[in-house]
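Per this note's numbering, the sequence shown starts with residue 261, numbered consecutively.
Because the hints were derived from the structure by calculation, they are not lab data.
Beta carbons: idealized from backbone N, C-alpha and C, even for Gly.
Wrong hints could be hidden among the right ones.
[Said to hold, decoys possible] Cross-link-like lysine-lysine pairs, in silico, DSS-like; alpha carbons within 25 Å at most:
id, residue 1, residue 2
1, K375, K541
2, K643, K298
3, K758, K541
[To be verified] Simulated DEER-style distance windows between Cβ atoms:
id, residue 1, residue 2, range
4, I397, W691, 42 to 52 Å
5, M632, K590, 17 to 27 Å
6, D428, G708, 19 to 29 Å
7, E270, E576, 46 to 56 Å
8, G708, L499, 14 to 24 Å
9, I471, P752, 47 to 57 Å
10, W691, G479, 48 to 58 Å
11, D393, F595, 38 to 48 Å
12, Y377, R693, 39 to 49 Å
13, V738, G761, 20 to 30 Å
14, A493, D314, 51 to 61 Å
15, G486, A288, 55 to 65 Å
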Amino acid sequence: MSSFPAEIRELVLSNYPLILAALGGYFAIFLLISWAAKRRLAQEATDYIVASRDLGWLVVTFTMFASVLSGVGMAGLPGTVYSVGVPFVVSILAGNSVCAMLMWYVGPRIWVLGKKYHFNTPGDLLGEYYQSDTIRIYTVIASILYNITYIVAQLLAGGILLNVLSGDMISSGLGSVIIAIIVVLHVVSAGLRGIAWLDLFNGLFILASLIAYGLMIIGAAGGLAGVMDGLGAIKETFLTIPGIGGAYTPSYIYGIAIGLSVGSVVLSPAMWIRMYSARSKAHFAKISAMMLVLWGLAFVMGTFLIGVYGRSVFSEVESPDFVSSLLAFKVMPIFPAALFLVAVLAAIISTTDTYMHTLTATVVRDLIKVVMLPGMDSSQEMKLNRALIILVAAIGVVLALLNPVLITPLAIFAGAITVQLLTPLLGAITWSRASTEAALIAPAVGMGLTFAWELDILPYPVPTHILPGLATAFFVNVFLFVVISFLTRPQPPEQVEKFHGVIAREL
């Protein structure tokens, strides 16, 4: 992703006062939210990492929604629909339906254990249940791989957006640096509460922008039928399984959903931390239901309509990730189109601050505090979090400038890593037969195979149209976890009682 098309730049330059007003208004609200959250921030780690477990269900819902949607949902996913067709939308919606059910089930259990034993990270829960610092390190590895991947994609996209919104006065590289600095200052000063409050505003802004965009697409096309009719000769292939290129078979659709949806929406460290941060275990039924509604609106009114109508209007584009922005200026007046670009920027900021915060929290708590400096107190932990985020931001900027790639493949790969933590999580909250050996071996094999197959280090033995490598790696993980658990000793009864017993009594 090198630069935005010239026609968008020209439109921005010719309407610069309007663009500047939209951008300035957004950052004024941003600063107000940061200031309000900073006033509430206590100088201790629990408040900084999980907002003292006091976030309301609506705030938790929107911080999850805005964080996951990101530049992936606003640019990458519509671009993928543009490239492969509607079967990709089926993959998204199917995956998110599974995620809602999984969130409803695991959310209260994670919350109960977090509240009881003061857990703040995935490593706290898994390391304690399996009595293993190695398990903690697995969660740190997953956190680094997942969060850095997303941070790089967001900084890259954010830099390009600032370049366009500034009328080419800010280079894309400098734009990435500016986004990183803004995010670092916001996270350091406001903690998770500030991130969540900003995400509530950003989420509402993003949702309203996507709904308005979808309605304007329908209006421009002369109705829903017009959106489809413009596809011409490719209409049938574009709208039906297996889509353009023939890759999206039913099994492949669900395989991609494992990484893109389940790995990101439920198993990513950021979502795990948000489950700890909710005010009540009773929130998760409402959170799950509301997430289904939000995803349905965003992915149908946004992803689906943008991708389909974008293909009707533009037979070719420089990069599929540009489709949502190109089409905005085609179907909307200049100011709403500019607001859409600001909404994309809001999504990018929501994701970047979330994942920088999560990465530093997991590294400091699960690696440095537990393994390297066990005597660290809460105040020192918070200071180290704030110092480390500067390093994370610097690494993210460097990688963003060196590795410009499409957004959606990065998101799928990142989720494929974190989904490997599902087996040890279910063991800790549901299946008392799960053993430490299984939790050590199975996720490691799953992560290793994901790397080997997705990066073509080893030949993939299954035809990709049947199942993507990330899904096969996950199923190998599940198989090994069950088999090894039956071949080895489960957790001691007192450990099972400490986790499963507490869950049974509380729920």
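Consistency of the hints with the structure:
{"no.": "1", "hint": "K375 x K541", "verdict": "holds, 10 Å"}
{"no.": "2", "hint": "K643 x K298", "verdict": "holds, 15 Å"}
{"no.": "3", "hint": "K758 x K541", "verdict": "holds, 18 Å"}
{"no.": "4", "hint": "I397 x W691: 42 to 52 Å", "verdict": "violated, 22 Å"}
{"no.": "5", "hint": "M632 x K590: 17 to 27 Å", "verdict": "violated, 54 Å"}
{"no.": "6", "hint": "D428 x G708: 19 to 29 Å", "verdict": "violated, 44 Å"}
{"no.": "7", "hint": "E270 x E576: 46 to 56 Å", "verdict": "violated, 19 Å"}
{"no.": "8", "hint": "G708 x L499: 14 to 24 Å", "verdict": "violated, 38 Å"}
{"no.": "9", "hint": "I471 x P752: 47 to 57 Å", "verdict": "holds, 53 Å"}
{"no.": "10", "hint": "W691 x G479: 48 to 58 Å", "verdict": "holds, 52 Å"}
{"no.": "11", "hint": "D393 x F595: 38 to 48 Å", "verdict": "violated, 54 Å"}
{"no.": "12", "hint": "Y377 x R693: 39 to 49 Å", "verdict": "violated, 22 Å"}
{"no.": "13", "hint": "V738 x G761: 20 to 30 Å", "verdict": "holds, 25 Å"}
{"no.": "14", "hint": "A493 x D314: 51 to 61 Å", "verdict": "holds, 56 Å"}
{"no.": "15", "hint": "G486 x A288: 55 to 65 Å", "verdict": "violated, 38 Å"}
When each numbered hint is compared with the structure, violations occur for hints 4, 5, 6, 7, 8, 11, 12, 15.
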